[in-house]
Each structure stands twice: as structure tokens, then as C-alpha cells.
Amino acid sequence: AQSVTQLDSQVPVFEEAPVELRCNYSSSVSVYLFWYVQYPNQGLQLLLKYLSGSTLVKGINGFEAEFNKSQTSFHLRKPSVHISDTAEYFCAVSEVTGGGNKLTFGTGTQLKVEL
Amino acid sequence: EAQVTQNPRYLITVTGKKLTVTCSQNMNHEYMSWYRQDPGLGLRQIYYSMNVEVTDKGDVPEGYKVSRKEKRNFPLILESPSPNQTSLYFCASSLTAEGANVLTFGAGSRLTVL
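Top line first, the protein sequences correspond to chains A and B.
Here this note's numbering is used: the first sequence runs in plain steps of one and ends on residue 122.
Here this note's numbering is used: the second sequence runs in plain steps of one and ends on residue 204.
Calculated directly from the structure, the hints in this document are not laboratory data.
Backbone N, C-alpha and C fix where the C-beta goes; we use that ideal spot for every residue, glycine too.
It cannot be assumed that every hint is accurate.
Below, simulated DSS-like cross-link-like pairs (lysine-lysine); rule was C-alpha separation at most 30 angstroms, straight line [to be verified]:
hint, chain 1, residue 1, chain 2, residue 2
1, A, Lys76, A, Lys65
2, B, Lys161, B, Lys147
3, B, Lys147, A, Lys109
4, B, Lys107, B, Lys161
5, B, Lys159, A, Lys109
6, B, Lys107, A, Lys56
7, A, Lys119, B, Lys159
8, B, Lys107, B, Lys159
9, A, Lys109, B, Lys161
10, B, Lys108, A, Lys56
11, B, Lys147, B, Lys107
12, A, Lys109, A, Lys56
13, B, Lys147, B, Lys108
14, B, Lys155, A, Lys109
15, B, Lys159, B, Lys108
16, B, Lys107, B, Lys155
17, A, Lys119, A, Lys65
18, A, Lys119, A, Lys56
19, A, Lys109, A, Lys65
20, A, Lys119, A, Lys76
21, A, Lys76, A, Lys56
Computed from the model, here is a short list of chain B residues facing chain A with C-beta under 10 angstroms [as the list claims (entries may be wrong)]:
hint, residue
22, Ala92
23, Asn97
24, Val104
25, Gln127
26, Gly130
27, Gly132
28, Leu133
29, Gly148
30, Val150
31, Glu152
32, Gly153
33, Ser157
34, Leu193
35, Ala197
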């Protein structure tokens with residue numbers, strides 16, 4: 008069974024500063040990796056995904072993430088955050104050979120951007 | 091507009107009073123799923139459906155039922171709600187059950203059981 012760890016439950020950062028949200032996963036098979044964002048009072052929407060190929064993936068709103076197989080990590084980064092990036096961010100994995108689109112989520116990281 | 095629609099968005103009920111949260115998608119997706127979101131626990135899968143008349147348990151199915159009689163609808167039924175089912179519920183769908191497919195989420199249904 009797969010699992011996802013997001014060690015930081017909250018990350019405060021000033022506007023225009025860089026940010027990294029950490030995600031580590033555990034799985035005995037190959038995985039697909041996702042970052043979803045949840046703005047206040049909304050559902051989740053996809054930021055970016057890693058399926059195969061280049062380990063650096065770019066998503067919407069200037070976010071990017073790097074898949075590191077040896078460290079089983081998929082950290083999310085943005086070089087300069089904006090107030091509108093304040094939201095909760097979820098890392099998620101699904102197994103390549105799994106059925107039922109079993110997406111396992113981390114516990115989420117609340118990003119709070121301050122002026 | 092392609093979307094997943096959940097109703098009601100907010101509901102307060104009492105212990106034991108049966109309720110149904112509806113979910114409908116207009117994207118002709120085969121796969122649908124229900125999650126609950128609780129503080130500090132992230133999202134946990136309740137039930138999923140790989141196609142019409144095919145449903146299966148997720149990680150936390152106790153106290154819930156689902157049905158998939160039509161491709162577009164996937165209602166979540168709480169036969170006898172209890173306070174530990176107070177949560178934020180999300181319905182999601184994807185084209186197929188294959189793991190690479192991106193899930194489209196509804197806006198959520200906040201349920202309080204007194």
C-alpha cells in the first residue's frame with residue numbers, strides 16, 4: 008500500500024518570497040504523483056502531475072515540482088509567491104499498476120502568504 | 091461547463107436521520123469516487139465506482155452506502171448518521187479508473203451531525 012507524508016502542516020511566507028512544500032511518499036511499485044490545491048470553500052483542483060519522463064514538471068500559476076525517485080520525494084516549489092496563492096496544498100500518489108484510481112492523499116499543507 | 095455537482099453544499103442533521111448527498115457529472119466519466127476530508131487527516135476515500143453498477147469500498151466505508159444506476163450520478167447515502175460522520179465530503183470523477191487520470195472534484199458538501 009502506498010502512503011504520503013507532508014511534514015509541514017502550515018507554511019507562512021511573505022509575498023514575493025520563494026516557497027517549497029515538501030512531500031515524501033512510500034510505495035512498493037511505480038507511482039504517479041500529483042499536487043492538488045484547495046482554495047477556501049472550494050473543491051480541489053490539479054496543480055501539476057508527474058506520470059513519466061522529465062522529473063521536473065511545471066504546473067499552473069508558476070508552480071513546479073521535482074520527482075526524486077531515490078529520495079521518494081515530490082516537493083512543490085514556487086520562486087515568488089503571491090497573496091492569491093494562500094490555500095491548502097495536497098500531495099497525492101496513485102500506483103501505476105493499481106486499479107480503482109486509488110489516489111492516496113497527504114494530510115495537506117496550509118500555505119499562508121503574508122504582506 | 092464540465093463539472094461535478096454536489097448537493098447539498100451544507101447540511102445540519104441529527105443522529106439517525108437518513109440523508110443522501112447527490113453527485114452528478116456531465117463529462118461522461120466512467121470512474122467516480124467519494125472522499126471525506128477531516129482536519130489533520132487529509133482526504134480519505136469512502137467508496138468508488140469504476141462504471142455503472144460497479145462499486146467498491148475505499149478506506150473508510152463504514153456507515154455509508156452508494157449506488158451507481160446511471161453513469162452520471164453517484165449518490166452517497168448515510169442510513170443512520172452519527173456525529174463521527176461530521177465532515178467535509180467531496181465527490182470526484184475521472185475518465186477511467188486508470189491511475190494516471192486526473193480527478194475532477196465537486197465543490198464539497200459540509201455535513202454536521204448533531
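Hint-by-hint comparison with the structure:
1. Between the alpha carbons of Lys76/A and Lys65/A the distance comes to roughly 17 angstroms, so the proposed pair stays at or under 30 angstroms and holds.
2. Between the alpha carbons of Lys161/B and Lys147/B the distance comes to roughly 18 angstroms, so the proposed pair stays at or under 30 angstroms and holds.
3. Between Lys147/B and Lys109/A the CA atoms are separated by roughly 11 angstroms; this keeps the pair inside 30 angstroms, and the hint holds.
4. Restraint check: the Cα-Cα separation between Lys107/B and Lys161/B comes to about 27 angstroms, which is no more than 30 angstroms; the hinted pair holds.
5. Restraint check: the Cα-Cα separation between Lys159/B and Lys109/A comes to about 22 angstroms, which is no more than 30 angstroms; the hinted pair holds.
6. Taking the CA atoms of Lys107/B and Lys56/A, the gap is near 40 angstroms; set against the 30 angstroms cutoff, the hint is violated.
7. Proposed proximity of Lys119/A and Lys159/B is contradicted: the alpha carbons are some 42 angstroms apart, above 30 angstroms.
8. A distance of roughly 24 angstroms separates the Cα atoms of Lys107/B and Lys159/B; the hinted pair therefore holds under the 30 angstroms criterion.
9. The suggested pairing of Lys109/A with Lys161/B holds, with an alpha-carbon distance near 19 angstroms, which does not exceed 30 angstroms.
10. Between the alpha carbons of Lys108/B and Lys56/A the distance comes to roughly 38 angstroms, so the proposed pair goes past 30 angstroms and is violated.
11. For the hint pairing Lys147/B with Lys107/B, the CA-to-CA distance comes to about 23 angstroms; that is within 30 angstroms, so the pair holds.
12. For the given pair, Lys109/A sits about 15 angstroms from Lys56/A by alpha-carbon distance, which is consistent with the 30 angstroms threshold.
13. Restraint check for Lys147/B and Lys108/B: the C-alpha separation of about 20 angstroms stays at or below 30 angstroms, so the hint holds.
14. Our distance criterion of 30 angstroms between C-alpha atoms is met by Lys155/B and Lys109/A, whose separation comes to about 18 angstroms.
15. For the given pair, Lys159/B sits about 20 angstroms from Lys108/B by alpha-carbon distance, which is consistent with the 30 angstroms threshold.
16. As the CA atoms of Lys107/B and Lys155/B are separated by approximately 14 angstroms, the hinted pair is consistent with the 30 angstroms bound.
17. For a cut-off of 30 angstroms, the pair hint linking Lys119/A to Lys65/A stands: about 21 angstroms separates their Cα positions.
18. Of the pairs offered as hints, the one joining Lys119/A and Lys56/A holds, with about 23 angstroms between alpha carbons and a cut-off of 30 angstroms not exceeded.
19. Between Lys109/A and Lys65/A, the direct Cα distance comes to roughly 23 angstroms. Compliance with the 30 angstroms bound is thereby established for this hinted pair.
20. Using a Cα cut-off of 30 angstroms, the hinted pair Lys119/A and Lys76/A holds, with the two alpha carbons roughly 29 angstroms apart.
21. Annotation: proposed proximity of Lys76/A to Lys56/A holds, straight-line Cα distance about 15 angstroms (limit 30 angstroms).
22. Checking Ala92/B against chain A: minimum C-beta separation of about 12 angstroms lies over 10 angstroms; hint violated.
23. Of the supplied interface hints, the one on Asn97/B is violated, with its beta-carbon coming no nearer than about 13 angstroms to a beta-carbon of chain A, more than 10 angstroms.
24. Among the interface hints, the one on Val104/B is violated; its C-beta lies about 25 angstroms from the nearest C-beta in chain A, farther than the 10 angstroms criterion.
25. Taken as an interface hint, Gln127/B checks out: its beta carbon lies about 8 angstroms from the nearest beta carbon of chain A, inside 10 angstroms.
26. A cut of 10 angstroms between beta carbons decides the hint on Gly130/B: the least distance to chain A is about 6 angstroms, and the hint holds.
27. Hint on Gly132/B holds. Least Cβ distance to chain A is approximately 4 angstroms, under the 10 angstroms limit.
28. Interface restraint check for Leu133/B: the shortest CB-CB distance to chain A comes to about 4 angstroms, inside 10 angstroms, so the restraint holds.
29. Against a cut-off of 10 angstroms between C-beta atoms, the interface hint on Gly148/B holds, since the closest Cβ of chain A lies about 8 angstroms away.
30. Among the interface hints, the one on Val150/B is violated; its C-beta lies about 12 angstroms from the nearest C-beta in chain A, farther than the 10 angstroms criterion.
31. Violation of the interface hint for Glu152/B is found here, the shortest Cβ-Cβ separation to chain A being roughly 18 angstroms, above the 10 angstroms cut-off.
32. Here the hint on Gly153/B is broken, as its CB sits about 20 angstroms from the closest CB of chain A, past 10 angstroms.
33. For Ser157/B, the shortest C-beta to C-beta distance to chain A is roughly 17 angstroms, which exceeds 10 angstroms, and the interface hint is violated.
34. Restraint check, Leu193/B versus chain A: the minimum CB separation of about 6 angstroms is within 10 angstroms; hint holds.
35. Among the interface hints, the one on Ala197/B holds; its C-beta lies about 5 angstroms from the nearest C-beta in chain A, closer than the 10 angstroms criterion.
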